[in-house]
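Assemble chain B onto chain A, guided by the hints.
Number of protein chains: 2
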Amino acid sequence: MKISVAQINTTIGDLQGNAKKMIEKISGAKHHGFDLIIFPELALTGYPPEDFILLPHFMEAVAFYLDQIAEASKEIAVILGLPRYNPYRREKGFLNSAAWIQNQKIMDFADKILLPTYDVFDERRYFEPGLEPKVWDIHQYRVGITICEDIWQHSGLLESTLYKQDPLQQLKEKHPTLVINISASPYSLQKFEKRMQICLHAAQFLECPVILCNQVGGNDSLLFDGNSLYVDSTGLKKRAKSFCEEEMTIDLSQEAPTITVKRNQIEDLYQALVIGVRDYFHKLGFQKGCLGLSGGIDSSVAASIMAEALGPDQVLGIAMPSRYSSPESIRDATLLANRLGIDLQEIPIEPIFDSYLSSLLPFFRGKETDVTEENLQSRIRGTILMAFANKMGYIVVSTGNKSELALGYTTLYGDLCGGLALLGDVTKQQVYALADWINRNREIIPLYAIQRAPSAELRPNQKDSDSLPDYSIIDQIVAAYIEGHRSPQWIAKKYDYPLGLVNELIERIHNNEFKRRQAPPVLRVSEKSFSIGRRFPIVQKWV
Amino acid sequence: MKISVAQINTTIGDLQGNAKKMIEKISGAKHHGFDLIIFPELALTGYPPEDFILLPHFMEAVAFYLDQIAEASKEIAVILGLPRYNPYRREKGFLNSAAWIQNQKIMDFADKILLPTYDVFDERRYFEPGLEPKVWDIHQYRVGITICEDIWQHSGLLESTLYKQDPLQQLKEKHPTLVINISASPYSLQKFEKRMQICLHAAQFLECPVILCNQVGGNDSLLFDGNSLYVDSTGLKKRAKSFCEEEMTIDLSQEAPTITVKRNQIEDLYQALVIGVRDYFHKLGFQKGCLGLSGGIDSSVAASIMAEALGPDQVLGIAMPSRYSSPESIRDATLLANRLGIDLQEIPIEPIFDSYLSSLLPFFRGKETDVTEENLQSRIRGTILMAFANKMGYIVVSTGNKSELALGYTTLYGDLCGGLALLGDVTKQQVYALADWINRNREIIPLYAIQRAPSAELRPNQKDSDSLPDYSIIDQIVAAYIEGHRSPQWIAKKYDYPLGLVNELIERIHNNEFKRRQAPPVLRVSEKSFSIGRRFPIVQKWV
Chain A
0 MKISVAQINT
10 TIGDLQGNAK
20 KMIEKISGAK
30 HHGFDLIIFP
40 ELALTGYPPE
50 DFILLPHFME
60 AVAFYLDQIA
70 EASKEIAVIL
80 GLPRYNPYRR
90 EKGFLNSAAW
100 IQNQKIMDFA
110 DKILLPTYDV
120 FDERRYFEPG
130 LEPKVWDIHQ
140 YRVGITICED
150 IWQHSGLLES
160 TLYKQDPLQQ
170 LKEKHPTLVI
180 NISASPYSLQ
190 KFEKRMQICL
200 HAAQFLECPV
210 ILCNQVGGND
220 SLLFDGNSLY
230 VDSTGLKKRA
240 KSFCEEEMTI
250 DLSQEAPTIT
260 VKRNQIEDLY
270 QALVIGVRDY
280 FHKLGFQKGC
290 LGLSGGIDSS
300 VAASIMAEAL
310 GPDQVLGIAM
320 PSRYSSPESI
330 RDATLLANRL
340 GIDLQEIPIE
350 PIFDSYLSSL
360 LPFFRGKETD
370 VTEENLQSRI
380 RGTILMAFAN
390 KMGYIVVSTG
400 NKSELALGYT
410 TLYGDLCGGL
420 ALLGDVTKQQ
430 VYALADWINR
440 NREIIPLYAI
450 QRAPSAELRP
460 NQKDSDSLPD
470 YSIIDQIVAA
480 YIEGHRSPQW
490 IAKKYDYPLG
500 LVNELIERIH
510 NNEFKRRQAP
520 PVLRVSEKSF
530 SIGRRFPIVQ
540 KWV
Chain B
0 MKISVAQINT
10 TIGDLQGNAK
20 KMIEKISGAK
30 HHGFDLIIFP
40 ELALTGYPPE
50 DFILLPHFME
60 AVAFYLDQIA
70 EASKEIAVIL
80 GLPRYNPYRR
90 EKGFLNSAAW
100 IQNQKIMDFA
110 DKILLPTYDV
120 FDERRYFEPG
130 LEPKVWDIHQ
140 YRVGITICED
150 IWQHSGLLES
160 TLYKQDPLQQ
170 LKEKHPTLVI
180 NISASPYSLQ
190 KFEKRMQICL
200 HAAQFLECPV
210 ILCNQVGGND
220 SLLFDGNSLY
230 VDSTGLKKRA
240 KSFCEEEMTI
250 DLSQEAPTIT
260 VKRNQIEDLY
270 QALVIGVRDY
280 FHKLGFQKGC
290 LGLSGGIDSS
300 VAASIMAEAL
310 GPDQVLGIAM
320 PSRYSSPESI
330 RDATLLANRL
340 GIDLQEIPIE
350 PIFDSYLSSL
360 LPFFRGKETD
370 VTEENLQSRI
380 RGTILMAFAN
390 KMGYIVVSTG
400 NKSELALGYT
410 TLYGDLCGGL
420 ALLGDVTKQQ
430 VYALADWINR
440 NREIIPLYAI
450 QRAPSAELRP
460 NQKDSDSLPD
470 YSIIDQIVAA
480 YIEGHRSPQW
490 IAKKYDYPLG
500 LVNELIERIH
510 NNEFKRRQAP
520 PVLRVSEKSF
530 SIGRRFPIVQ
540 KWV
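Going line by line, the protein sequences match chains A and B. Heads up, the first sequence is in numbering that gives the first Met the number 0, so the first residue is 0 and it goes up one at a time. Heads up, the second sequence is in numbering that gives the first Met the number 0, so the first residue is 0 and it goes up one at a time.
So that you can see chain A by itself, here it is in the shape it has in the complex (with noise of 0.2 Å):
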């Protein structure tokens, strides 16, 4: 049998546009002589959905598209997923489902049995599990259809949550000759690795080779890595590439070696960033980026970043210097914006302060200078890349990172202007990483921008280390706290730090959630970002 794994870049709601692509998949497969064609996890939605779903005209479309999909399916087999109605309407009123097509009939549902529900999974919320995998003959193979976390929890790699139901033993019963598996696994570093573990410990326990087809691209803060797979219980066989779209050709009567694959976690990092943003404006219709460019570290590998998934004729950088600003500084953003060859302008926020001090001056007379100055700076340079971005139809990209995002080393309405947070997941030490990364074959970044010491420049001689530990320290401890759960208590043993250090960061952690609920999306890359996945309360006296 002739497969083809259609790793698609789907958009959220499109249906007319997904199916169109599928419909063109299909009709290329079928031409080149392919058996059957396999497309990821509510491919006809986009995955995630959301409360699309809960609209019955939504609904009532996807089952007008999946017929036009059928129609096109002559001669072929057809595995595409969608959500459906709930035929056994008990807890909730929908399934998420592969339809199986042949020679343009729809043969067969089969349905998702374990329904993530936690950090950014919301399954639960629309979806009823499945009651057992179904197993599909299709040109003498006996095909056991699962969908993405169907085939986790029996490696005993899922860790969050156990089911009740194990749908690998239940499909083992019905000996399957191969399983397919279709995802909509998001990215996060090395999740590539854990998915091929995944895989092979499938194809070991049910003696079958697999086949995971994953959905590409990004929908708001979720990216997916594509890196569809193709395993026996030997090992890897065939894999399609990360962070594009491939039909992935596979040839089971053909023997095909095992091979290895070694990924570099900070290209990866990279490439993900490069398609969060490529997706987010090209979906939306944008083409233009704007970003303020301060000659730090890291509005440089935003800049970069932009520059790549955009063209570099489509970003702006605006330099915004204040009577803080290092000469160093706009040095440095005029040779990155030359290096990178996108455009640079600069406007000096000196006037605009001015004239907010004057006015607040009646008001603020006698009382210190304190934060108050610092956030208006902040809020100018928001305001004008704002100005830019009505007046020229830009989006604006915000660049602080996971690190200042998470202790509330920011300004809301001020650098936390933009449409998306870039790095709003990525740890300072990333920025450097990826800093390193982007400078590899030559000086792209300028190398003071990554040496010199981090500074917000809001107010004289400021440095980040005046306020905030060492990036490392906080790095070390908002991974164990925001990623890994821990108590203050296991991290202060754990890493040796003063219990009080790590207290005051976890309550700096809490105290500046109201910054991150207006924070732009971030683009997610690790396994807990400041995004819906992570939900606490604003108000709240536990910390």
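Possibly wrong hints are sitting among the right ones.
Which copy is meant is left open, because identical chains are indistinguishable; a pair holds if it fits in one copy or across any two.
Said to hold, decoys possible - With a straight-line Cα cutoff of 30 Å, these simulated DSS-like cross-link-like pairs (lysine-lysine) come out: (1) K163 <-> K133; (2) K73 <-> K540; (3) K540 <-> K190; (4) K240 <-> K190; (5) K133 <-> K540; (6) K287 <-> K236; (7) K540 <-> K240; (8) K104 <-> K540.
Think of the hints as simulated: they come from the structure by calculation, not from any bench.
The following block gives chain B in isolation, referenced to the frame of chain A:
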């Protein structure tokens, strides 16, 4: 049996404070001869505790404080809500439980069976359903224990979900002589009436009295109205107050007449917003609020509510006129501030506006004046408000209403600045009704502000009606689409509007998702607010 129904206002995560409050109430109830005291669902953690439940050291502290409460419960029975580890350990690690304490001993736990996972509720993210309802023998009563949603399904009044289990049917087989329901049932318009119907239905079906103990107070967006209930099969016997703490006393040995309660919906809405503001500020440890006072109806209503919630001396209105502000606006703002007894300051934004225009002129020369300049004015105002907040410890309150938020008739980082969107779930028509209610005894909000055509005053002679249909039309379409999930075709037909108009408004709703994503938390007063309860992607091509 004498029962105290302790309708308390808890703070999320304040285990120590919540436990202390309960211990005081237990001590008082014992002193006054009560046999049993009841506290709401998840009373120990506050509802909703969200991801705090996932922190192991948080759950350890929950167990510690439960022991403290047990220790303090001599010679009285106590029922309280709290999360606990799931000893059955199946799909999720936790149970949403009621603990029964008697004479300092933890006698048993009963677990919530029906776990709402829709709208603002995420209970399947944390909890496993309980297996069956418990009946506890307390003082000659067979007390059936239910938790909030457990009693809703059987009434048929729950539309969004259909659970497999029916706890009331299971309970009936155990022949309870009293049913207790501990709740954290949030307010929305007419929720009290619905809740009473549910209880009445349960009392009739189970042929025994039902006592519902509800949480009261605001936690971020969610507002709880209290209104704890005591019903039997003949009707309502007793009701605790709306929107404040109360210990409702019930003596089951006494016959009680049936009462009727008629709520004023607008008064309820007003009280909900008052408690929402008060709890948001005070639970965060803030006393003072400021807002932009334009003389328009939204800011006038918001200021009136803030004055009631925080005290007039804790509220600062800032009038920030521009070249487009009418003299009546300042006049009305002054009148209102005087009548409310709040402080008013005036800061003209012209000099700052001019400085932006000058700085931007080299870049914008030759381009037409457009929404950019309107947004600039709004963002200057937002920045001024934030400067006052930073310098003097105010929380800024945003005054935009739900109709504006739906259509994006609001400026991100401008009038959307603030810790709280007070009117973010209140339609424009409800804003008018609130103004009338505030003026019910004497004119507080100037009549001109109520009667004039709404205007953002961001360009010469601007009226909302220049770019929006009439608010009565908007509110109808928004309600049908947002709350009712109706299709454009259905809406156009039902209300006899052109389909093009309906489609245009729905498109505006989705295209402005990016603004709402960065809006301050809204106080939820409808069945579907712009908050965690409504999840739509920013990037989509459905409309």
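Against the structure, the hints:
1. For the identical chains of this complex, K163 and K133 are neighbours both inside a copy (18 Å) and across copies (23 Å), given an alpha-carbon limit of 30 Å.
2. Taking identical chains as interchangeable, the C-alpha atoms of K73 and K540 lie at most 30 Å apart only when they sit on different chains, with a minimum of 28 Å there against 62 Å within one chain.
3. In this homomeric assembly, K540 and K190 come within 30 Å of each other (Cα to Cα) only across copies, at 28 Å, whereas the closest approach inside a single copy is 35 Å.
4. For the identical chains of this complex, K240 and K190 are intra-copy neighbours only, at 14 Å inside a copy versus 53 Å across copies, given an alpha-carbon limit of 30 Å.
5. Taking the shortest Cα distances, K133 and K540 never come within 30 Å of each other, neither inside one copy (49 Å) nor across copies (32 Å).
6. Taking identical chains as interchangeable, the C-alpha atoms of K287 and K236 are never at most 30 Å apart, the minima being 40 Å within one chain and 65 Å between chains.
7. Taking identical chains as interchangeable, the C-alpha atoms of K540 and K240 lie at most 30 Å apart only when they sit on different chains, with a minimum of 26 Å there against 47 Å within one chain.
8. Taking the shortest Cα distances, K104 and K540 sit within 30 Å of each other only across copies (28 Å), while inside one copy they are farther apart (58 Å).
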